[in-house]
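S.K.: Protein chains in written order, with the numbering used here: chain V, 59 to 421; chain E, 147 to 487.
Honestly, I wouldn't trust all of these hints.
[What the hints assert, rightly or not] Mimicking DSSO-like on lysine-lysine, the simulated pairs with C-alpha atoms at most 30 angstroms apart in a straight line are: (1) E:Lys-252 with V:Lys-101; (2) V:Lys-163 with E:Lys-215; (3) V:Lys-322 with V:Lys-157; (4) E:Lys-402 with V:Lys-183; (5) E:Lys-303 with E:Lys-252; (6) E:Lys-441 with E:Lys-402; (7) V:Lys-163 with E:Lys-286; (8) E:Lys-215 with V:Lys-390; (9) V:Lys-101 with E:Lys-312; (10) V:Lys-183 with V:Lys-390.
Since the hints were derived computationally from the structure, they do not count as laboratory data.
Each chain is listed here by its residues.
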Amino acid sequence: MKYLSEYRNLEATKLILDEIHKITTREWNIMEICGGQTHSLVKNGILELLPEKVRMIHGPGCPVCVTPLSLIDKAIELLEQGVIVCSFGDMIRVPGSKKSLLEAKALGGDLRILYSPIEAVSIAKENPDKEVVFFAVGFETTAPANALSVLHAEKEGIKNYSILASHVLVPPAMEAILDDKFCTIDAFLAAGHVCAIMGIQEYYPLVEKYKIPIVVTGFEPLDLVQGIYKAVKQLEEGKHLLENQYARIVKEHGNKSAIEVIQKVFEIGNREWRGIGEIPNSGYVVKQAYKNYDAEFKFKIKHIKVPENQQCIAGEILIGIKKPNECSEFGKTCKPANPLGAPMVSSEGACAAYYHFSTNLID
Amino acid sequence: MNIENLGFETINLGHGSGGELTRDLLDKIIFKTFSNPYLDQKHDGSIVKFEGEIAISTDSFVITPIFFKGGNIGELAIHGTVNDVAMCGAIPKYLSLAFIIEEGLKVSEFIKVVQSIKKAADESGVLIITGDTKVVERGKGDKIFINTTGFGEMHPKASISVHNIKEGDKILVNGFIAQHGMAIMSEREGLEFESTIESDSTNLNFLVKDLLDKFGEKIKLFRDPTRGGLGTVLHEIAGDISKGIALKEADIPLEKQVAAACEMLGLDPMYVANEGVFLVVVDSDISEEVLSLMKNHQKGTNAAIVGEITNDHPNKVVMESLIGGKRIVSPLVGEQLPRIC
Numbered sequence: 059m060k061y062l063s064e065y066r067n068l069e070a071t072k073l074i075l076d077e078i079h080k081i082t083t084r085e086w087n088i089m090e091i092c093g094g095q096t097h098s099l100v101k102n103g104i105l106e107l108l109p110e111k112v113r114m115i116h117g118p119g120c121p122v123c124v125t126p127l128s129l130i131d132k133a134i135e136l137l138e139q140g141v142i143v144c145s146f147g148d149m150i151r152v153p154g155s156k157k158s159l160l161e162a163k164a165l166g167g168d169l170r171i172l173y174s175p176i177e178a179v180s181i182a183k184e185n186p187d188k189e190v191v192f193f194a195v196g197f198e199t200t201a202p203a204n205a206l207s208v209l210h211a212e213k214e215g216i217k218n219y220s221i222l223a224s225h226v227l228v229p230p231a232m233e234a235i236l237d238d239k240f241c242t243i244d245a246f247l248a249a250g251h252v253c254a255i256m257g258i259q260e261y262y263p264l265v266e267k268y269k270i271p272i273v274v275t276g277f278e279p280l281d282l283v284q285g286i287y288k289a290v291k292q293l294e295e296g297k298h299l300l301e302n303q304y305a306r307i308v309k310e311h312g313n314k315s316a317i318e319v320i321q322k323v324f325e326i327g328n329r330e331w332r333g334i335g336e337i338p339n340s341g342y343v344v345k346q347a348y349k350n351y352d353a354e355f356k357f358k359i360k361h362i363k364v365p366e367n368q369q370c371i372a373g374e375i376l377i378g379i380k381k382p383n384e385c386s387e388f389g390k391t392c393k394p395a396n397p398l399g400a401p402m403v404s405s406e407g408a409c410a411a412y413y414h415f416s417t418n419l420i421d
Numbered sequence: 147m148n149i150e151n152l153g154f155e156t157i158n159l160g161h162g163s164g165g166e167l168t169r170d171l172l173d174k175i176i177f178k179t180f181s182n183p184y185l186d187q188k189h190d191g192s193i194v195k196f197e198g199e200i201a202i203s204t205d206s207f208v209i210t211p212i213f214f215k216g217g218n219i220g221e222l223a224i225h226g227t228v229n230d231v232a233m234c235g236a237i238p239k240y241l242s243l244a245f246i247i248e249e250g251l252k253v254s255e256f257i258k259v260v261q262s263i264k265k266a267a268d269e270s271g272v273l274i275i276t277g278d279t280k281v282v283e284r285g286k287g288d289k290i291f292i293n294t295t296g297f298g299e300m301h302p303k304a305s306i307s308v309h310n311i312k313e314g315d316k317i318l319v320n321g322f323i324a325q326h327g328m329a330i331m332s333e334r335e336g337l338e339f340e341s342t343i344e345s346d347s348t349n350l351n352f353l354v355k356d357l358l359d360k361f362g363e364k365i366k367l368f369r370d371p372t373r374g375g376l377g378t379v380l381h382e383i384a385g386d387i388s389k390g391i392a393l394k395e396a397d398i399p400l401e402k403q404v405a406a407a408c409e410m411l412g413l414d415p416m417y418v419a420n421e422g423v424f425l426v427v428v429d430s431d432i433s434e435e436v437l438s439l440m441k442n443h444q445k446g447t448n449a450a451i452v453g454e455i456t457n458d459h460p461n462k463v464v465m466e467s468l469i470g471g472k473r474i475v476s477p478l479v480g481e482q483l484p485r486i487c
């Protein structure tokens with residue numbers, strides 16, 4: 059409970075905000091990687107409390123948003139084939155090329171909304187005559203639990219369980235953003251929970267190669283202003299270091315057992331990102347040894363490929379070139395009840411954060 | 147009530163046929179439980195007398211699971227409609243009660259629901275005066291659905307209308323928000339977590355009556371934020387009056403365990419359902435007195451002033467966060483859903 063009060067403390071946050079105002083002399087663009095951080099920034103009204111010169115750019119760290127349209131269509135195809143599809147709640151309202159998972163459920167698909175993939179294994183056990191697929195979306199954060207569900211099914215001898223995996227990795231996405239010719243980012247707030255799993259080692263080479271400050275940051279208001287302060291301070295002093303603001307959770311080498319579980323089931327491969335395209339070595343794919351638990355291998359869905367919606371500028375939003383309210387469709391044709399793309403419906407999507415919380419939209 | 151004497155343990159299609167089995171179910175359970183001069187006539191309907199204007203409200207209850215911590219679908223069906231009638235500024239008097247039962251429901255469960263309805267109706271001071279029972283095939287319902295319609299006499303001093311609201315008016319709530327939704331969430335299949343959070347399902351008509359007795363037309367509006375939560379209702383009010391609403395997050399009454407559960411599941415308590423919460427908009431010069439009356443009433447011990455009506459940002463609800471920043475409170479779009487991480 060103390061994290062709910064201590065890290066939302068008005069005086070402590072104000073002290074740091076005052077410091078940021080004091081030390082800022084130039085314009086800086088800082089990207090927060092994670093959609094959870096974006097939501098916290100907007101929901102707590104932090105953006106307007108920062109100096110005008112400190113501009114936060116919202117990053118690609120929303121697993122739902124970066125999941126390509128084709129993958130949603132694949133999950134819907136499975137539902138229509140009579141498979142029990144289990145998913146985190148965030149995914150179900152995201153539009154596919156023709157409909158969303160929620161609409162497919164309304165038409166008779168057996169869709170279950172879960173908090174943990176382990177529950178999906180239990181569903182498979184209880185329904186031996188049905189196939190059960192978990193829609194395994196996420197960054198490094200959810201990979202251990204998804205991998206564990208496969209190991210769990212294997213151990214229990216459950217053969218009617220598989221995962222539709224769409225795991226993506228943060229560091230390759232950061233490189234892709236930095237390599238983009240329109241990139242204006244001066245510093246990063248790295249995603250605290252991803253680092254809690256993976257550790258911070260893989261960020262040292264990025265700091266060196268791109269001469270850019272990276273601060274591993276948490277999600278509470280106090281975490282965020284502290285992370286921003288550390289980034290601005292480095293920028294003002296001309297430094298580029300890797301710092302860990304979220305040390306109460308994030309250890310240098312991460313969570314060893316979680317990494318072992320990931321490495322047992324997954325290997326690194328190319329991944330398609332919604333609106334960004336394919337990034338080499340940017341995701342996890344199921345290893346050959348566990349192919350029978352890979353829904354793409356088990357069912358005939360590999361051929362499903364659909365183009366992204368041209369009206370949606372999710373790609374530009376996700377790499378920070380445009381802000382949600384700079385999209386001509388924002389709040390007009392694109393609303394949470396009738397979204398053009400995932401960032402408007404995902405609980406970590408930047409467009410949803412702006413639509414639901416941002417005071418920018420007050421006339 | 148002794149179930150063995152009923153001669154049946156589960157409810158089947160025959161109990162909805164209108165024939166002897168239906169009469170059996172009605173006589174042995176419904177009429178026996180709710181006996182009153184109106185119902186005892188066993189006519190197609192009831193004839194009642196009202197003085198002056200009446201308030202009518204109807205609601206259907208389709209909750210899963212039907213039994214949960216702090217209540218069940220039966221008392222919910224009474225409290226929900228009693229409160230809706232009360233929110234109009236009326237004194238609830240009579241209720242209709244209609245069941246749609248899925249065949250296979252255990253009679254013991256049905257009796258538990260009926261007894262709970264009886265208790266809630268007695269406590270709320272309302273009579274069940276007409277009703278209906280239908281049975282549908284297995285798979286075409288979800289154990290039991292209940293519809294109630296409530297009738298109430300308008301309080302002579304009530305002048306409830308959004309059009310009476312003006313800049314500077316204060317908004318109060320009678321207690322902790324988000325209790326009901328989180329109690330249900332903690333027992334839903336696939337989401338179970340251990341907690342002692344109980345539904346806040348209760349009647350609000352007596353507190354509403356006390357407020358109207360004392361403050362009359364200075365009470366501008368009552369609303370009970372059930373589905374959609376406090377955030378959605380406030381947004382609706384702002385839109386209805388084309389004015390803004392300013393809130394402070396620190397003032398919203400939120401019990402610690404509920405706050406922690408919302409945090410864990412990634413849900414915003416402003417959009418979580420309530421069943422024993424209402425908000426009241428009053429003239430600013432009586433807000434402290436209203437607060438004091440509410441705090442001294444059993445149904446309002448955790449009451450608080452949470453915000454005020456403003457001419458700034460018309461149609462928008464703006465909340466100051468704990469750290470002094472600002473956010474808008476937009477309406478809930480669909481159901482709040484479990485997040486990925």
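S.K.: All hints, please: hold or fail.
M.R.: Consistency of the hints with the structure:
For the suggested pair Lys-252 (chain E) and Lys-101 (chain V), the alpha carbons sit about 47 angstroms apart, so the restraint of at most 30 angstroms is broken. A hinted pair counts as satisfied when its Cα atoms are at most 30 angstroms apart, and Lys-163 (chain V) with Lys-215 (chain E) qualifies at roughly 29 angstroms. Proposed proximity of Lys-322 (chain V) and Lys-157 (chain V) is contradicted: the alpha carbons are some 35 angstroms apart, above 30 angstroms. As the CA atoms of Lys-402 (chain E) and Lys-183 (chain V) are separated by approximately 37 angstroms, the hinted pair breaks the 30 angstroms bound.
With a C-alpha separation of about 46 angstroms, the suggested pair Lys-303 (chain E) and Lys-252 (chain E) falls outside the 30 angstroms cut-off, and the hint is violated. Between Lys-441 (chain E) and Lys-402 (chain E), the direct Cα distance comes to roughly 19 angstroms. Compliance with the 30 angstroms bound is thereby established for this hinted pair. Restraint check: the Cα-Cα separation between Lys-163 (chain V) and Lys-286 (chain E) comes to about 17 angstroms, which is no more than 30 angstroms; the hinted pair holds. For the given pair, Lys-215 (chain E) sits about 42 angstroms from Lys-390 (chain V) by alpha-carbon distance, which is inconsistent with the 30 angstroms threshold.
This hinted pair checks out: Lys-101 (chain V) and Lys-312 (chain E) have alpha carbons roughly 28 angstroms apart, not beyond 30 angstroms. For the hint linking Lys-183 (chain V) to Lys-390 (chain V), the alpha-carbon distance of about 45 angstroms lies beyond 30 angstroms, and the restraint is violated.
Of the numbered hints given earlier, the model fails hints 1, 3, 4, 5, 8 and 10; all others are met.
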